[in-house]
Amino acid sequence: MKKILKWIGIVVGALVGLIVLALAGLYLSAEFRFNKTYDITPEPVTVPTDAASLAIGKHWAEMHCQTCHGEDLGGGPFFDDPSLGYVDAPNLTAGKGGLGGANTDANWVRAIRHGIKHDGTSVFIMPSSDYYYLSDADLGGVIAYVKSVPPVDRETRPRSLAPFAKVLYSLGAFGNLLYAETIQHDVRPPAPPVGVTVDYGEYLSNANGCPSCHGPQLNGAQPSEPGAPFAPNLTPGGELVGWSEADFFKALREGVTPGGRQLGDAMPWKGLGKMTDDELKTVWLYLQSLPKLETATK
0 MKKILKWIGI VVGALVGLIV LALAGLYLSA EFRFNKTYDI TPEPVTVPTD AASLAIGKHW
60 AEMHCQTCHG EDLGGGPFFD DPSLGYVDAP NLTAGKGGLG GANTDANWVR AIRHGIKHDG
120 TSVFIMPSSD YYYLSDADLG GVIAYVKSVP PVDRETRPRS LAPFAKVLYS LGAFGNLLYA
180 ETIQHDVRPP APPVGVTVDY GEYLSNANGC PSCHGPQLNG AQPSEPGAPF APNLTPGGEL
240 VGWSEADFFK ALREGVTPGG RQLGDAMPWK GLGKMTDDEL KTVWLYLQSL PKLETATK
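Note that numbering that gives the first Met the number 0 numbers the sequence shown so that position 186 is 185, with each residue one more than the last.
Hint data in this document are derived by calculation from the structure and do not stem from the laboratory.
Computed from a predicted model, the values in this text were never measured in an experiment.
Yeah, the Cβ is synthetic: ideal placement off N, Cα and C, and Gly gets one too.
Certain hints may be false.
Claimed, not checked - The calculated label-pair distances, taken between Cβ atoms and stated as ranges, are:
hint : residue 1 : residue 2 : range
1    : Ser147    : Asp277    : 20 to 30 Å
2    : Phe33     : Arg187    : 20 to 30 Å
3    : Ala227    : Gly12     : 32 to 42 Å
4    : Pro157    : Pro225    : 21 to 31 Å
5    : Phe78     : Asp277    : 31 to 41 Å
Build the full structure now, drawing on both the sequences and the hints.
In structure tokens:
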């Protein structure tokens, strides 16, 4: 009996040891990825000062930046969970605690387009893989606008994630939120001329992050965000069958589908609804031009 108990103890101890080693490996893998640095020289982007360019930058900032960094771009708490840790959206202004006072134009390009912070590590959560598609004119406008906003004196906290959260991250529980890992830093996608065209609609779809949730072919996907609903098929073979352009406008402007369903917060319609009428028409034109695809498997 003692031998049996001894062997049971050895087996249990070995299993516990293997589990501890596995957890340690997952934790260290996350630590390596969070602390990995990227050395790139960003392409030069002209940062204009004219009113038209600032208006373009403000438009993009209202659609995207303000969602996390606040209307004043002063940052603040973004995620806070006692068991997982917390993440603050940084202060983008030139005020006390902000990035704006120290960031060069090259730093802004590196962060927004390439997902790389001033210390060389990857941004976390900010979807630079979407903003990677921004044209030089649009990106220059965004940088110009961010530099022009009034300074906000607000300190934000450095990211702090619990070891458990880092283990979960290595297991893929949150998808890949270190966007410098996913971006092709040496390739620039084409930026078509502004206009109500299919090509410009594709540009707006990419830069506004439609493929990030709805899949690379826009035929539906499960977003990585825990608890997020399945992102529907946007091709003519999916949920938008029977929709009119007016229905599409209403969904993005009011958050209500033709069937009366209220869109949840997982779909950032409040930001996307700030697109101009021509921009919404252009995205709709692009979606209608896509091949009819079956909905991807959930």
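Evaluated hints:
1. Checked against the hint of 20 to 30 Å, the pair Ser147 and Asp277 passes, with Cβ atoms roughly 25 Å apart.
2. Evaluation of the 20 to 30 Å hint for Phe33 and Arg187 yields a pass: the beta carbon distance comes to about 27 Å.
3. Between Ala227 and Gly12 the C-beta distance comes to about 40 Å, which sits within the given range of 32 to 42 Å.
4. In this structure the hint that Pro157 and Pro225 lie 21 to 31 Å apart at CB holds, the actual value being about 23 Å.
5. The beta-carbon spacing between Phe78 and Asp277, approximately 35 Å, falls within the hinted interval of 31 to 41 Å.
Violation of the numbered hints given earlier is absent; every hint is satisfied by the structure.
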